[in-house]
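My numbering puts the first residue of the sequence shown at 16, with every later residue one more than the last.
Please keep in mind that the hints were generated in silico from the structure rather than gathered at the bench.
A portion of the hints provided could be inaccurate.
Claimed, not checked - Calculated cross-link-like contacts (lysine-lysine; reagent style BS3-like; alpha-carbon spacing at most 25 Å):
no., residue 1, residue 2
1, LYS328, LYS390
2, LYS275, LYS329
3, LYS78, LYS89
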Amino acid sequence: MASVVKSFALAGVDAYPVEVETDILGGLPAVSIVGLVDTAVREARERVQAALRYAGFKFPGEKVVINLAPGDIKKGGSHFDLAMAVGVLLRSRQLTGNDMLEHFAFAGELSLNATLRPCPGVLPMAMAARDAGVQNLVVSRENLREASLVGGLNVYAFETLAAVVSFLNGETSYTPPQQESGELPDENWGSLDFKEVRGQDALLEYIVIAAAGGHNMLMLGSPGCGKSMVARRIPTILPRMTEAEALDVTKIYSVAGLLKERGRLIRSRPFRAPHHNASTSALIGGGTDAGPGEISLSHNGVLFLDEIAEFGKKTLDALRQPLEDRQVTISRVKNSNSYPCSFMLVSAMNPCPCGYYGQERCRCSDYEVLKYRRKLSGPILDRMDIQKYVQPVNFLDLSGEGGGTSSAVLRERVEFARQKQRERFAGQPMISCNAEMTAPQVKEYCSLEDEGRRLLEQAYERFQYSARAFHKFLKVARTFADLDGSPHLRRQDVAASLMARDMDREQAGMLVI
Numbered sequence: 016m017a018s019v020v021k022s023f024a025l026a027g028v029d030a031y032p033v034e035v036e037t038d039i040l041g042g043l044p045a046v047s048i049v050g051l052v053d054t055a056v057r058e059a060r061e062r063v064q065a066a067l068r069y070a071g072f073k074f075p076g077e078k079v080v081i082n083l084a085p086g087d088i089k090k091g092g093s094h095f096d097l098a099m100a101v102g103v104l105l106r107s108r109q110l111t112g113n114d115m116l117e118h119f120a121f122a123g124e125l126s127l128n129a130t131l132r133p134c135p136g137v138l139p140m141a142m143a144a145r146d147a148g149v150q151n152l153v154v155s156r157e158n159l160r161e162a163s164l165v166g167g168l169n170v171y172a173f174e175t176l177a178a179v180v181s182f183l184n185g186e187t188s189y190t191p192p193q194q195e196s197g198e199l200p201d202e203n204w205g206s207l208d209f210k211e212v213r214g215q216d217a218l219l220e221y222i223v224i225a226a227a228g229g230h231n232m233l234m235l236g237s238p239g240c241g242k243s244m245v246a247r248r249i250p251t252i253l254p255r256m257t258e259a260e261a262l263d264v265t266k267i268y269s270v271a272g273l274l275k276e277r278g279r280l281i282r283s284r285p286f287r288a289p290h291h292n293a294s295t296s297a298l299i300g301g302g303t304d305a306g307p308g309e310i311s312l313s314h315n316g317v318l319f320l321d322e323i324a325e326f327g328k329k330t331l332d333a334l335r336q337p338l339e340d341r342q343v344t345i346s347r348v349k350n351s352n353s354y355p356c357s358f359m360l361v362s363a364m365n366p367c368p369c370g371y372y373g374q375e376r377c378r379c380s381d382y383e384v385l386k387y388r389r390k391l392s393g394p395i396l397d398r399m400d401i402q403k404y405v406q407p408v409n410f411l412d413l414s415g416e417g418g419g420t421s422s423a424v425l426r427e428r429v430e431f432a433r434q435k436q437r438e439r440f441a442g443q444p445m446i447s448c449n450a451e452m453t454a455p456q457v458k459e460y461c462s463l464e465d466e467g468r469r470l471l472e473q474a475y476e477r478f479q480y481s482a483r484a485f486h487k488f489l490k491v492a493r494t495f496a497d498l499d500g501s502p503h504l505r506r507q508d509v510a511a512s513l514m515a516r517d518m519d520r521e522q523a524g525m526l527v528i
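Please put together the full structure from these sequences, using the hints given.
And the structure:
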């Protein structure tokens with residue numbers, strides 16, 4: 016009768032139970048691993064054989080078949096090594112306690128000298144173990160803190176395969192390994208602070224609006240005017256992440272193998288700034304394993320696309336669906352994974368190829384300017400709630416003493432507006448900020464007064480906005496009202512939201528730079 020040992024496989028940011036079935040069929044010595052597995056799993060036969068022999072156990076001298084069930088779902092990773100080794104020992108009667116193993120699951124990579132190595136994705140595996148009713152999870156020592164983030168689960172961590180077998184056989188008791196003391200600070204942004212930003216007071220007001228409502232933003236300005244400097248400080252004024260948000264972000268980084276501090280929740284909101292030569296797969300996600308891309312690594316944080324006009328048009332257009340759905344599905348022939356991607360898109364670009372449009376030193380023709388800006392398609396621009404020009408800073412602002420408004424002060428305003436939104440969307444867990452409102456919610460929460468309605472109607476008739484742009488004006492106006500604590504949209508809120516899209520007014524010949 017085949018032995019059955021529990022483990023887990025990853026599907027996107029979640030994990031699902033896998034039964035590692037092992038049987039010895041007799042015949043010539045061979046190891047066959049089946050169950051729609053990838054190369055990393057197939058190579059486990061060499062690692063398992065070497066580890067068992069190094070640990071002093073006998074590997075069966077007959078044909079060994081290992082099946083990872085269910086067999087119709089693609090599985091990958093080296094974390095099945097430990098479960099396979101336990102299954103072989105159980106089937107060859109070198110390990111007793113079959114009844115006890117029903118309540119255990121295993122995840123860990125084996126080295127050739129039988130030590131346990133850490134593996135990515137342990138956090139979602141631990142969550143899947145708890146949800147499946149598994150009481151005990153065995154992992155490597157390096158994964159202990161990460162797996163211990165999940166409550167209601169007994170986590171056992173070992174350094175070697177021999178220690179695991181000795182514990183399962185009842186020969187030794189379990190002694191938890193000593194863990195590092197001390198905790199990392201909740202957030203760590205170093206010296207970044209908005210007090211270092213000078214001469215951009217008008218822009219900072221819209222930065223606060225973008226952060227308060229989770230709105231996407233495009234900044235246009237000449238080189239050196241401070242676009243990147245401002246963008247990199249936006250996470251310092253975003254509201255602190257809740258436990259649920261921190262757990263979601265940590266799961267994504269765990270699956271991607273980017274969890275630097277294993278066992279610690281990521282408390283700082285992500286800030287990702289990929290280079291403009293990034294491929295579509297790098298930005299959206301993909302590869303042979305359908306892994307997460309930059310938009311998923313930016314979940315609950317900021318994705319900053321500097322020099323956005325230099326990104327490939329196909330790559331930028333691939334952002335259209337994730338920006339609306341806040342989720343992306345990566346499909347491959349034999350694999351399909353879904354990842355959350357609720358992020359705030361912040362982008363920056365020059366107004367023309369040389370970067371000095373509107374200044375005496377600009378020599379770009381109207382055709383060159385138009386061609387340059389058309390690198391951003393209409394649908395992408397339509398999804399930019401706020402489009403603001405960033406003016407160069409004058410000498411007096413740069414050379415003067417003192418600084419601008421600190422991030423702490425700006426964050427207080429953002430937190431105040433977000434609290435209003437949390438109260439408004441309390442019964443709707445899928446909505447956390449104004450930018451995520453659907454059309455019915457816009458109709459419910461963004462009712463206009465007569466003066467505001469007339470103003471928006473005049474702008475709509477003049478500029479021929481799309482329905483999406485119309486709703487985004489209302490969402491931005493709702494955020495302006497939240498900052499002032501107003502339950503209704505006032506005329507000044509609508510006027511301020513209409514002033515948020517400089518490029519629209521420029522195209523109508525109204526903007527003077």
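Checking against the hints above, which ones are violated? Hint 2 alone not satisfied by this model.
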